[in-house]
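> Following the hints, position chain B against chain A.
Residue numbers (my numbering), protein chains in the order written: chain A, 212 to 435; chain B, 212 to 435.
Simulated from the structure, these hints should not be mistaken for lab results. Please note: incorrect hints may appear among the correct ones.
Because identical chains cannot be distinguished in the list, a pair is counted as satisfied if it fits within a single copy or across any two copies.
[Unchecked claim] Computed list of lysine to any residue pairs in SDA-like fashion (alpha-carbon distance at most 20 Å, straight line):
no., residue 1, residue 2
1, K336, N304
2, K296, M252
3, K336, G303
4, K296, Q311
5, K250, D237
6, K250, F315
7, K250, E367
8, K354, S245
9, K366, A317
10, K382, A358
11, K296, C422
12, K296, G380
13, K287, S236
14, K287, Q335
15, K287, C422
16, K382, S409
There are 2 protein chains.
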Amino acid sequence: MAKGNVSLSVIRRLPRYHRFLRELSDNGIVRISSGDLSKRMGLTASQIRQDLNCFGGFGQQGYGYNVKDLYDEISKILGLGIPRKTVLIGAGNLGRAVTQHMDFSARGFQLIGMFDTNPSLIGQKIGGVEIYDSSLIGEFCEKHHPAVAILCIPKEAAYELAAVLISHGIKGFWNFSHYDLTIDYDGIAVENVHLGDSLSTLCYRIHELECPNGEQRLNEQPPN
Amino acid sequence: MAKGNVSLSVIRRLPRYHRFLRELSDNGIVRISSGDLSKRMGLTASQIRQDLNCFGGFGQQGYGYNVKDLYDEISKILGLGIPRKTVLIGAGNLGRAVTQHMDFSARGFQLIGMFDTNPSLIGQKIGGVEIYDSSLIGEFCEKHHPAVAILCIPKEAAYELAAVLISHGIKGFWNFSHYDLTIDYDGIAVENVHLGDSLSTLCYRIHELECPNGEQRLNEQPPN
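So that you can see chain A by itself, here it is in the shape it has in the complex (with noise of 0.2 Å):
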């Protein structure tokens, strides 16, 4: 199992070992050398063996990696599979479009509510979970107890209800609000997806291949 101080950048590239293999083992492969592997992610060989040595290291020398071993391990590292209640908070565009593009219970997470202030959208169901007037989460959290929220709302909107969810125990946020919950709040695990953001640093991406100095730093750019 895993060992402590695994830096993040390790962490952010397991979800990534993972669906490489769940692909490999679909495509029927058995076992694949840190060579092989390597070559289809994009990462050196010598990186690979790094990073699953934080784990304790899978592989045998002159066999490689058992395909199903290694992914069924990393689901176990990376805590997949495991019930976790979840809600979603905003059922707006891009709440709707999480709701109907994710795959939750792939992962564990079992939707059960959406919650929405526009009235409009409560009593509407996305995927067969009913949006819920927001008013109304604290008492749904007593009821149903969900661990894990996913906050579609603006910064205000998540900044007054990360304390209502907190209080009523839940302890995950997939975060897409640009409220920085980690600031105000410890002993929670947040996953900020600050789309902004990302926009933001795929201008510089480009503005970079453009500009003189740029290809020095274009090569710190990893395949995440």
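This is chain B only, laid out in the frame that chain A set:
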């Protein structure tokens, strides 16, 4: 202006500085010390000074940073506001949500067309932008010369269309697909948004809160 060898982690923080500075400016704050900015952003003052020094540093001893000047300087560094014709591929739930949710023009991206293979979507308009048949993308590029493509399509479709788009001069990709363009192409700017990987990372972080040696690793999570 920017010096070479700026690490990706610094670059990734720039859009966040930009966001906070915009808020400060909107709230009529003219200048701010690195200490005050660090409290608001959950970074250390020295971290902020280090980051901004990568680009020459803009602070003045005893004065701090001029909010508007620093905001404008970071805008320049990020290449925001430079007009770039942009197409979006895949007008499904995610593509439509991205179109309706993001302020492209604020960063210089001009969304001039959307593309899909679904006949029921072709001809529709989202936010005034028409959805065309994906088979016409090459023709469209020859005529309008977009520089950026937003990929909201599955991996296989992204693999096929990337070749077409790059052959027609697209040099920047905001990539929501799981196809890693950087493995097959050099000299393009790619910013990946892997929502599935992000959700898996949230899984890990929640799991980490629950598992014994989690605390140790949690400390490495920056407010991203």
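> For K366 vs A317, is the C-alpha pair at or below 20 Å within one copy, between two copies, both, or neither?
between (29 Å within a copy, 18 Å between copies)
> Could you place K382 and A358 in one of the four classes (within, between, both, neither) given a Cα distance threshold of 20 Å?
within (6 Å within a copy, 42 Å between copies)
> Evaluate K250 and E367 at a C-alpha cut-off of 20 Å and name the case that applies: within, between, both or neither.
between (45 Å within a copy, 18 Å between copies)
> At most 20 Å between C-alpha atoms: does K250 with D237 qualify within a copy, between copies, both, or neither?
Within. Shortest intra-copy distance 18 Å satisfies the 20 Å Cα cut-off; inter-copy 48 Å does not.
> For K382 and S409, with the copy left unspecified, which applies at a CA distance of at most 20 Å: within, between, both, or neither?
between (25 Å within a copy, 16 Å between copies)
> Is the C-alpha distance from K287 to Q335 at most 20 Å within one copy, between copies, in both cases, or in neither?
neither (35 Å within a copy, 44 Å between copies)
> Checking an output row: K336 and G303, CA cutoff 20 Å. Within, between, both or neither?
Cα proximity of K336 and G303: in one copy and across copies (13 Å, 18 Å).
> Measure nothing new, just compare the shortest in-copy and cross-copy C-alpha distances for K296 and M252 to 20 Å and report within, between, both or neither.
neither (33 Å within a copy, 30 Å between copies)
> Taking 20 Å as the upper bound on the Cα-Cα distance, should K287 and S236 be classified as within, between, both, or neither?
within (17 Å within a copy, 45 Å between copies)
> Classify it for me, K296 with Q311: is the Cα-Cα distance of at most 20 Å met within a copy, between copies, both or neither?
Classified as within; 17 Å inside a copy, 28 Å across copies.
> For K287 and C422, with the copy left unspecified, which applies at a CA distance of at most 20 Å: within, between, both, or neither?
Between copies only: 12 Å across, 44 Å inside.
> Is it within, between, both or neither when you check K336 against N304 at 20 Å Cα-Cα?
Both ways: K336 and N304 sit 14 Å apart in one copy and 15 Å across, limit 20 Å.
The structure fails to meet hints 2, 6, 8, 14 from the earlier list, while all remaining hints are met.
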